[in-house]
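Peer 1: Sequences are here, hints too, so could you generate the full structure?
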Amino acid sequence: MEAVNNVQSKKLRKEKAAVPKGRRWRKFKENSPYLLMILPAVLVVFLFNYLPIYGILIAFQDFMPGDKILSDSTIWVGFQNFERFFTDPMFWPLMQNTFLICIIGFIIGFPLPIIVALMLNALKGKRMAKVIQTIFNAPHFISLVVLVGMLTLFFGRYGLVNNIAASIGGERYSYFLESKAFRPMYILSSNWQDFGWSAIIYIAALSNVDPQQHEAAILDGATRFQRVWSIDLPAIMPMISVMLIMSIGGLMGVGYEKALLMQTDGNLQVSELISTYVYKRGLTGVPDQAYATAIGLFNSIINVVLLIIANTTSKRFSENSLW
Amino acid sequence: MSEVVMKGLKKVYDNKVTAVHDVNLEIKDKEFIVLVGPSGCGKSTTLRMVAGLEEISGGELYIDGKLVNETPPKDRDIAMVFQNYALYPHMTVYDNLAYALKLRKVKKPEIDKKVREVAEILDITQYLKRKPKALSGGQRQRVAIGRAMVRDPKVFLMDEPLSNLDAKLRNQMRAEIIKLRSRINTTFMYVTHDQTEAMTLGDRIVIMKDGYVNQIGTPQEVFNKPVNLFVAGFIGMPVMNFFDNCKVLLENGVYYAEIRGVRFMLDDFQQKALKQNGIETQDIIAGIRPQHVTVGEGELLAKIEVSEMMGSEYNIHARCEGDEVVMLIPTFDLETDVSMGRTVNFTTKPMLIQMFDKETGNNLIWYDAESASKDAPVCKRYDF
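Protein sequences, first through last, are from chains A and B. Quick note: the first sequence, position 67, residue 67 per this note's numbering, numbers continuous. Quick note: the second sequence, position 330, residue 1330 per this note's numbering, numbers continuous.
Hints are not guaranteed to be accurate.
Said to hold, decoys possible - Once the Cα atoms are required to be at most 25 Å apart in a straight line, the calculated PhoX-like pairs of lysine-lysine come out as:
id	chain 1	residue 1	chain 2	residue 2
1	B	1016	A	126
2	B	1349	B	1247
3	B	1358	B	1272
4	A	315	B	1129
5	B	1016	A	124
6	A	315	B	1133
7	B	1105	B	1131
8	B	1074	A	124
9	B	1272	A	315
Hints listed in this document are in silico derivations from the structure and should not be mistaken for laboratory results.
Peer 2: Right, dumping it as structure tokens:
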């Protein structure tokens, strides 16, 4: 009896499987022009984002520049490179520096574009809003080298700020040589450069809000602030959630370029980040690429863990998540 | 008392386009007035000026005897139902209904009582915890109406509230609005482009075209006594039949209408009115409603092109010397053969013939020069 049941259920499963397969093929055929259109993008992502993942193998090897990643002579060392990093005297300073610069940058930088977008959207004169938006976007197109050059012009020993201070009897201050000044300069200049650009996505989301909702709220007696709070903010909440998850997921992924450009012997104790350390160990002096890869991989794992935590939390407490 | 009075109300946009010209209208307390007209005629703009959502460029607007031209919308004591419902999507139905009261700092138990009362009337109590996206179009529209109701406004404004619904639901909601009106008993201003809605809902109808008011009257008045070609063509379904190149004749002190060579001696009231208006023999456009055509009698001839059996009546499309004629003929006592290709004779009662001046498009009998907008454009034909 059981055997008969098994056969029947197998048959049923086969029949069930057969229907969706046909449907899936039909759907695939229907969507084939669109799939073809995204193929170049998929190829680029595969070539430049997925294929290099193969390189992380060297984090588990005793690898020297010029070695092949996989060959008979490959020396596998397991987690030795990771252990080296955890016992490296630079481990905690690097973690602390990277974490602090990222978290402070995030706390200031995440809400800023949201506030700017809401304010621009609430402006009555739409032409004025466009002009302001263009002004806010412009710094995004300044290269990092020029930006740091501007910082030097403003905050260098003989820069604008010091010249003003000196002219009113103050003392000249070496902002670039002081570790105290590094983080504020780094974070504020980054946010200044990107808040307008990051606001675009929220402005686009706000443009989808039905104007009749605002009119209904006006008739209900809502003030401008109440309308922003009750209509605009909830309308962009899904976008805020997605951006929040993505920002948390990339929290520890601060780049090395700007930190290196701003780095001096005076501020090294706070300006040495995981990324600058990876760069220095992996590409300068006597390159230790296996060690640098292990540190980079460790950093990426932290980001993935943060991304999963952020997504799960968002899924639990709101209706929005990346997956 | 919640009267709305418009005196020479005007809307001119920044680009110098005038959307509304010189609207003069007195809406009585508890009256249901419908603004109707084709797209772009200025009906919604007029409503939005009453709501305070559009600035008034000229004229005066009084609500309850108070000049409100500069009064902010929230202080006008009006509520509005929008075409797209305009519900707050992230709030539940309960919160949508309660929002205006919360803003007015009404106490929570009172808000709760009011919201549940309105939900009961509109039969949406079971949906109070749902968000708008989980409701059907009809349910959303009820919530939108409920949101206006909770405030007990002096004037209830509705901007094409049924146009997003399918035909069946629209009929259902129309009946609901009629019932609702008898329950809440306040002043209503209702905007629509659908003349059936206008005819069934309104105590009076305001017919607008190109920013001008063409006629204000009860549904019966605008149907039977259209002041010009536009009103005659816009009101009534199927559309009125128009016969170009006709004449009104004055012979020995008696007025006749001549349509396609056939003379109709006009009724007493028409004789009086034409005489009073000083009408002489002149060219006219004659209008006969499809419902007022009698087949199988008279001397007018038409060849039937399409004959649609609708159950209780035939909907006949025929051609009479180049003019298309639509006839609605009841089936119960029809003796004439109305099959396609046949030529039939038809007539109408002279008192039901509408006569429009060929030059101005105005009705020779019902056009009232004193109440009409002075600089309204001439409507020579019913065409939009």
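Peer 1: For every hint, state whether the structure bears it out.
Peer 2: Okay, the hints, checked on the actual structure:
no.	hint	result
1	B/1016 x A/126	holds, 19 Å
2	B/1349 x B/1247	holds, 17 Å
3	B/1358 x B/1272	holds, 21 Å
4	A/315 x B/1129	holds, 21 Å
5	B/1016 x A/124	holds, 20 Å
6	A/315 x B/1133	holds, 19 Å
7	B/1105 x B/1131	holds, 23 Å
8	B/1074 x A/124	holds, 19 Å
9	B/1272 x A/315	violated, 79 Å
In summary, the one numbered hint that this structure violates is 9.
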